[in-house]
Amino acid sequence: MKSFVDPTVEFHVLTGYLGSGKTSVLRHYLAQTPENETAVIINEYGAVSLDHRFVMHAAPVVDVVAGGCLCCARSTELKEAIVRVLTQRVARRLPGLRRIILETSGLANPASIVATVLDDYVLREYVRLGSCVATVDATDAIECAERQPDIAAQIAAADRVVVTKLDLVEPGRARAIRKFVESVNPTCDIVESAHGAAVGAIFDAVAPTRARARPAAGAGHLSHASSHSMTLERDIDWPAFSVWLTALLNRHGSRILRFKSLLRMAGDETPTAIHGVRHRMYPPEHLPPGTPAAAGSELVFITDGLPGAEIEASLQRFLEYAQAAAR
Amino acid sequence: MCEVCAVFGVGSHWTESARLSNLKYPAQDIQRHRKERGRRFDLLRALIAPYGLNVRDWDGEAFCVEDAQGRAEIVSDLSRFWSCVEKFSRADLDPLDPAFTPGAAP
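First to last, the sequence lines map onto chains A and B.
In terms of the numbering used here, the first sequence has 26 at position 26, counting the first letter as 1, and numbering is strictly consecutive.
In terms of the numbering used here, the second sequence has 18 at position 18, counting the first letter as 1, and numbering is strictly consecutive.
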């Protein structure tokens, strides 16, 4: 089916723990970008929203979905809010609209939001999924993370992490928080923020090559979030890999906080980026010609207690089985 | 929706992306997609055979899971396939378990 409007409106998610500085970062971003480019949807736990009052003067459209978390119950309301924004664009009241940002508090599982967009036959014709950005409070995130698993889940799901309130901490603490974020999610882009000001275009796409985990990233200390990186030298057999990954997600998807990969497929010149959050996978993305060839396929799993070594052994075993079966 | 099998949204699952490259004309991709789909069914049949189940390609777009009693269910994609197989077999199919691959040591 041909779209009447190209799906050029990006849909970004801004998440972060309560009080971690989401609204400040969003206000600063809106002040820096051209007027009328960005519409904002705010989701709050409580029945009464306050955050929208702080951003309603900075964005042309501010919509509110209050009274529940979007992970759990409010996907219909989210769809309706997106449609309300898009309707204004189609009616040419928002001709310059380039992106919608969903600010959502306490979100632990963006998989349901991804599903809301990707599974909807109307929405996916009009919007394309952009970045997931998480704010992390430099003053207390490390201490809170062990007793609040949502913090690690948000970092794991993020394409980009904005470390906030760096003006309130010592340089040693700033280094520690960066190391902490890298230990939870070795593939995310990290932006530093002081006084609520985040440097740069925080919602711009993060290069898929970030599936190449930072080599310096060490093992994390959290019991409920650990990452495992692997490099496979062989070409990936797509039918076998997709059978294996769907079976793994079916049984363990709720414990796979994030999966990112750059796969070197048999017969392809450039790598393909495959990534997902929990049970939800994004559409495969074929990287353009000229993308530097990698030594092999690179995969990163961030899991909640699922041993990375077992995942790697399982994949190797299955690819070998499929190779033998094809002979 | 497919009018015959009443399956919604076939072909839109991430594993079914027929466009396998950035080539302008997708004919080559479609041929490759069909060939790979055939290989995928061979793998799936071997994996579920120990549970007395079979799977057929339903019109090139969906999966028809069958058991020895003649029960059959059509599912639209590979993600739904696994939950259907687990329902029919009453077993958990876990790739982390070496017994997942047929012929492997338990």
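A couple of the hints might just be wrong.
What the hints assert, rightly or not - Straight-line alpha carbon distances no greater than 25 Å define the calculated SDA-like cross-link-like pairs of lysine to any residue that follow:
| # | chain 1 | residue 1 | chain 2 | residue 2 |
| --- | --- | --- | --- | --- |
| 1 | B | K35 | A | G267 |
| 2 | A | K179 | A | A201 |
| 3 | B | K35 | B | S79 |
| 4 | B | K87 | B | F100 |
| 5 | B | K35 | A | G296 |
| 6 | B | K87 | B | K35 |
| 7 | B | K35 | A | P171 |
| 8 | B | K35 | A | K79 |
| 9 | B | K35 | A | T270 |
| 10 | A | K179 | A | E192 |
| 11 | B | K35 | A | K179 |
| 12 | B | K35 | A | Q323 |
| 13 | B | K35 | A | L94 |
| 14 | A | K79 | B | R80 |
| 15 | B | K35 | A | E285 |
| 16 | A | K79 | A | P284 |
| 17 | A | K79 | A | I142 |
| 18 | A | K179 | A | E233 |
| 19 | B | K35 | A | E233 |
| 20 | A | K79 | B | P50 |
| 21 | B | K87 | B | D97 |
| 22 | B | K35 | B | Q69 |
| 23 | B | K87 | B | P50 |
| 24 | A | K79 | A | L94 |
Claimed, not checked - Computed spacing ranges between beta-carbons, pair by pair:
| # | chain 1 | residue 1 | chain 2 | residue 2 | range |
| --- | --- | --- | --- | --- | --- |
| 25 | B | Q28 | A | A197 | 27 to 37 Å |
| 26 | B | D92 | A | P289 | 35 to 45 Å |
| 27 | A | A201 | B | D92 | 40 to 50 Å |
| 28 | B | R34 | A | Y121 | 22 to 32 Å |
| 29 | B | E66 | A | G305 | 32 to 42 Å |
| 30 | A | T87 | B | G38 | 13 to 23 Å |
| 31 | B | G52 | A | T87 | 17 to 27 Å |
| 32 | B | D59 | A | G19 | 51 to 61 Å |
| 33 | A | R128 | B | D42 | 26 to 36 Å |
| 34 | A | E146 | B | A99 | 42 to 52 Å |
| 35 | B | G60 | A | T76 | 26 to 36 Å |
| 36 | B | P102 | A | P283 | 54 to 64 Å |
| 37 | B | G60 | A | D167 | 55 to 65 Å |
Since the hints were derived computationally from the structure, they do not count as laboratory data.
Keep in mind the model is a prediction, meaning the values are calculated, not measured.
All C-beta atoms, glycine included, are put in the ideal place defined by N, C-alpha and C.
Structure-based check of each hint:
For the suggested pair K35 (chain B) and G267 (chain A), the alpha carbons sit about 13 Å apart, so the restraint of at most 25 Å is met. This hinted pair checks out: K179 (chain A) and A201 (chain A) have alpha carbons roughly 22 Å apart, not beyond 25 Å. The straight-line distance between the Cα atoms of K35 (chain B) and S79 (chain B) is roughly 20 Å, inside the 25 Å bound, and the hint therefore holds. For a cut-off of 25 Å, the pair hint linking K87 (chain B) to F100 (chain B) stands: about 16 Å separates their Cα positions.
Among the hinted pairs, K35 (chain B) with G296 (chain A) is consistent with the structure: their alpha-carbon atoms are about 24 Å apart, no more than 25 Å. At most 25 Å may separate the alpha-carbon atoms for a hinted pair to count; K87 (chain B) and K35 (chain B) exceed this at roughly 28 Å. At most 25 Å may separate the alpha-carbon atoms for a hinted pair to count; K35 (chain B) and P171 (chain A) exceed this at roughly 56 Å. For the given pair, K35 (chain B) sits about 37 Å from K79 (chain A) by alpha-carbon distance, which is inconsistent with the 25 Å threshold.
Between K35 (chain B) and T270 (chain A) the CA atoms are separated by roughly 20 Å; this keeps the pair inside 25 Å, and the hint holds. A distance of roughly 13 Å separates the Cα atoms of K179 (chain A) and E192 (chain A); the hinted pair therefore holds under the 25 Å criterion. Only pairs whose Cα atoms come within 25 Å are accepted, and K35 (chain B) paired with K179 (chain A) is rejected, the gap being roughly 45 Å. Proposed proximity of K35 (chain B) and Q323 (chain A) is supported: the alpha carbons are some 15 Å apart, at most 25 Å.
Between K35 (chain B) and L94 (chain A), the direct Cα distance comes to roughly 45 Å. Violation of the 25 Å bound is thereby established for this hinted pair. Proximity of K79 (chain A) to R80 (chain B) is assessed by CA-CA distance (about 24 Å); at most 25 Å being required, the pair is judged to hold. Restraint check for K35 (chain B) and E285 (chain A): satisfied, since their Cα atoms lie roughly 20 Å apart, inside the 25 Å limit. Of the pairs offered as hints, the one joining K79 (chain A) and P284 (chain A) holds, with about 23 Å between alpha carbons and a cut-off of 25 Å not exceeded.
Taking the CA atoms of K79 (chain A) and I142 (chain A), the gap is near 34 Å; set against the 25 Å cutoff, the hint is violated. Using a Cα cut-off of 25 Å, the hinted pair K179 (chain A) and E233 (chain A) is violated, with the two alpha carbons roughly 28 Å apart. Using a Cα cut-off of 25 Å, the hinted pair K35 (chain B) and E233 (chain A) holds, with the two alpha carbons roughly 24 Å apart. A C-alpha spacing of about 43 Å is found between K79 (chain A) and P50 (chain B), which places the hinted pair above 25 Å, so the restraint is violated.
With a C-alpha separation of about 19 Å, the suggested pairing of K87 (chain B) with D97 (chain B) holds against the 25 Å cut-off. Proximity of K35 (chain B) to Q69 (chain B) is assessed by CA-CA distance (about 30 Å); at most 25 Å being required, the pair is judged violated. For the hint pairing K87 (chain B) with P50 (chain B), the CA-to-CA distance comes to about 15 Å; that is within 25 Å, so the pair holds. Note on K79 (chain A) and L94 (chain A): the hinted pairing holds, with a Cα-Cα distance of about 18 Å set against a maximum of 25 Å.
Distance hint for Q28 (chain B) and A197 (chain A): a CB-CB separation of about 49 Å, inconsistent with the stated range 27 to 37 Å. With their beta carbons about 43 Å apart, D92 (chain B) and P289 (chain A) fall inside the hinted range of 35 to 45 Å. A C-beta distance of roughly 45 Å is found between A201 (chain A) and D92 (chain B), which places it inside the suggested range of 40 to 50 Å. A C-beta distance of roughly 24 Å is found between R34 (chain B) and Y121 (chain A), which places it inside the suggested range of 22 to 32 Å.
Judged by the Cβ atoms, the range 32 to 42 Å given for E66 (chain B) and G305 (chain A) holds: they are separated by roughly 36 Å. Judged by the Cβ atoms, the range 13 to 23 Å given for T87 (chain A) and G38 (chain B) is violated: they are separated by roughly 44 Å. One distance hint, 17 to 27 Å for the beta-carbon pair G52 (chain B) and T87 (chain A), is violated here, with the actual separation near 52 Å. A C-beta distance of roughly 53 Å is found between D59 (chain B) and G19 (chain A), which places it inside the suggested range of 51 to 61 Å.
Range check, R128 (chain A) to D42 (chain B): about 34 Å between beta-carbon atoms, so the 26 to 36 Å window is met. Between E146 (chain A) and A99 (chain B) the CB atoms are about 35 Å apart, so this pair departs from the stated range of 42 to 52 Å. Against the hinted window of 26 to 36 Å, the Cβ-Cβ separation of G60 (chain B) and T76 (chain A) comes to about 33 Å, which satisfies the hint. For P102 (chain B) and P283 (chain A), the hinted distance range of 54 to 64 Å is not satisfied, since their beta carbons lie about 31 Å from each other.
For G60 (chain B) and D167 (chain A), the Cβ-Cβ distance of about 59 Å falls inside the hinted range of 55 to 65 Å, so the restraint holds.
Of the numbered hints listed earlier, those contradicted by the structure are 6, 7, 8, 11, 13, 17, 18, 20, 22, 25, 30, 31, 34 and 36.
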